[in-house]
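Top line first, the protein sequences correspond to chains A and B.
For the first sequence, this note's numbering assigns the number 171 to the initial residue and increments by one for each residue that follows.
For the second sequence, this note's numbering assigns the number 2 to the initial residue and increments by one for each residue that follows.
It should be emphasised that the hints constitute simulated quantities derived from the structure, not laboratory data.
Source: prediction; values computed, not measured.
There may be inaccurate statements among the hints.
Said to hold, decoys possible - Label pairs and their in silico Cβ distance ranges: (1) E172/A to Q60/B: 52 to 60 Å; (2) K299/A to F21/B: 28 to 36 Å; (3) G481/A to E68/B: 44 to 52 Å; (4) V69/B to S483/A: 44 to 52 Å; (5) E68/B to K572/A: 41 to 49 Å; (6) D447/A to E68/B: 15 to 23 Å; (7) E45/B to P423/A: 52 to 60 Å; (8) E68/B to K299/A: 20 to 28 Å; (9) N388/A to R88/B: 17 to 25 Å.
By construction, the Cβ of each residue, glycine as well, lies at the ideal position given by its N, Cα and C atoms.
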Amino acid sequence: MEYEAVIGLEVHVQLKTNSKVFCSCSTEFGAPPNTHTCPVCQGMPGVLPVLNRRVAEYAIKAALALNCQINPLSVFARKNYFYPDLPKGYQISQYELPLAEHGYLEIETPQGKRRIGITRVHMEEDAGKNVHGEFGDPHSYVDLNRTGVPLIEIVSEPDIRTPEEARLYLQKLRTIMRYIEVSDADMEKGELRCDANISIRPKGETRLGVKTELKNMNSFRHVQKALEYEIKRQQKVLEEGGIIVQETLLWNPQLGATETMRSKEEAHDYRYFPEPDLVPLEVSQEWLEEVAASLPELPDEKKARFIEEYGLSAYDAEVLTSAREMADFYEAAVKAHPDNPKALANWVMVELLGRLHAENKSLLEAPVTPQQIAQLVALVDKGTISGKMAKEVLAKTYQTGKDPQQIVEEEGLVQLSDESELEAIVEKVLEDNPKEVEKYLAGKTKIVGFFVGQIMKATKGKANPQVVNKILIKKLQEKGEQQ
Amino acid sequence: MEKIGKAEVLHVAQLARLEFTEEEVEAFTHQLNKILQYVDQLKELDTQDVKPTFHALAQTNVMREDEVRSSLTQEEALANAPDRDDRGFFRVPKIIQG
Ligand SMILES: [Zn+2]
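Next comes chain A alone, as it looks inside the complex (with noise of 0.2 Å):
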């Protein structure tokens, strides 16, 4: 039998604030444990929290990037559980009246556009973090200072088919936090987390088999890894005639496999009631629109842009907007060489991402500017040099960060195009090889690429390719009429 997966998801987007959610301690990461915790965050009686204005902000910037309609009054809930890392003994989330609903976010798969939807968009705080020790050792450690970093937690609709339509879904949630600056969203460092519920069913059936619940997948590899090994496992148990059982599993990237969670029965009874130390939030008609015009252009926008103003392919819109500073890279490449879009996608996709790439680096990091790139392209254009020579040039503006036209300058790189010059090189290359002249004669056209490779020789890679050829071909012809 044919299974479709029927996939939701979960997921967690640390804010970038400079302060906490509902107190004024750092949440800055990797200091000393416990030296930014004080009495709120601490969970001591009798203190009030308050919410950060920033917090309430950022979360209806990504709220209005995935489309949310954000609720005019939104209520602050109490979340009761106890674990060691959460003092208070419960988390201030939102429950009933969430900041925002009815959103969604679009993603480009190998089938096509897919329409994910959002159900709901709401604030939180986080938990401390557990350290557990050594083997053998009877104790765990906790340290707070994470305690009440603001999150937002992004619930999608159960749209999602494909493991693979998952970790899209996700890396579009990162590319737009990212571009509208909440938040890094870097999995690596826990600022993007994710829970999946996964269930299985027939293809073509429209209920919905029993979920279970995943969780402890740290990447985006992990993620997909996850949920194709519980979709086998599901299949596998439903074919030998078992049943799935509601339960919740970790993933282990050791073993490659999910394995159950040994779960208190109680574990999701959390006793909502709404917080009764926070006022409800009232986001009027006034501050949406101020929030709204603060949205930059967003990826998907930016790609359909793109596509329409300098000609590019969807698969190249679709890499340059994937981040923000490469879109912004690469415009600016074209502001100062409007003529020539599309060898300017190539060359920053290519050469300059390829280059970085090898050394693990970012964009951010590239030693070269955008306007050097398009200076490069502006001297393919013109034909001072030709795209080989280019490529060398770029390799040393990328060492020395001096600009191409000073390199072809300095190094007289000149591409040589003077027809009757050429003539004369390209007559003494036919005259010294008249065995290949002879097999060009008798048919054999593909040994043209012997003659360029012996002009490009003599003439240290200096020849514009085009001329050769050109003249290439005349000469060749001039021999088979003289025959």
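Go by the hints and put chain B with the ligand onto chain A.
Below, chain B with the ligand without anything else, positioned relative to chain A:
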């Protein structure tokens, strides 16, 4: 009619990590039922056009600016801890994941 029984009271007590004597369970079951009866009585009111109340204060949007102020020192933070280690962590009984 009794809305909740002893089992439910014990369940809630367990969730709140509270331990009760038999007499206390008895008393709370009775009291909680009384409270729920009173709520039922309130439910008889027509609240069709009344907006739900989420907070006792008729205020919204009490916020602070995103400014960092000094936190407690590590020693102060750990001062009430039943147990700690030299690195400055709270030390707790081993957490069994899941
Ligand atoms: Zn604090």
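Do D447/A and E68/B keep their Cβ atoms within the hinted range of 15 to 23 Å?
This hint holds: roughly 20 Å between Cβ atoms.
Cβ distance range 52 to 60 Å for E45/B and P423/A, holds or violated:
holds (57 Å)
Between G481/A and E68/B, is the Cβ distance one that fits in 44 to 52 Å?
Distance hint for G481/A, E68/B holds at roughly 48 Å.
Outcome for the supplied range 20 to 28 Å, where the beta carbon pair is E68/B and K299/A
holds (24 Å)
Range hint 28 to 36 Å: satisfied by the CB atoms of K299/A and F21/B?
holds (34 Å)
Using the beta carbons of E172/A and Q60/B, state whether their distance is inside 52 to 60 Å or not.
The hinted range 52 to 60 Å holds for E172/A and Q60/B, with Cβ atoms some 57 Å apart.
K572/A and E68/B - C-beta distance against the hinted 41 to 49 Å
Since E68/B and K572/A have Cβ atoms about 44 Å apart, the given range 41 to 49 Å holds.
Distance restraint hint 44 to 52 Å, applied to the beta-carbon atoms of V69/B and S483/A
holds (46 Å)
Assuming the hint says 17 to 25 Å, is it satisfied by the Cβ distance from N388/A to R88/B or not?
holds (24 Å)
Consistency note: the structure conflicts with none of the earlier hints.
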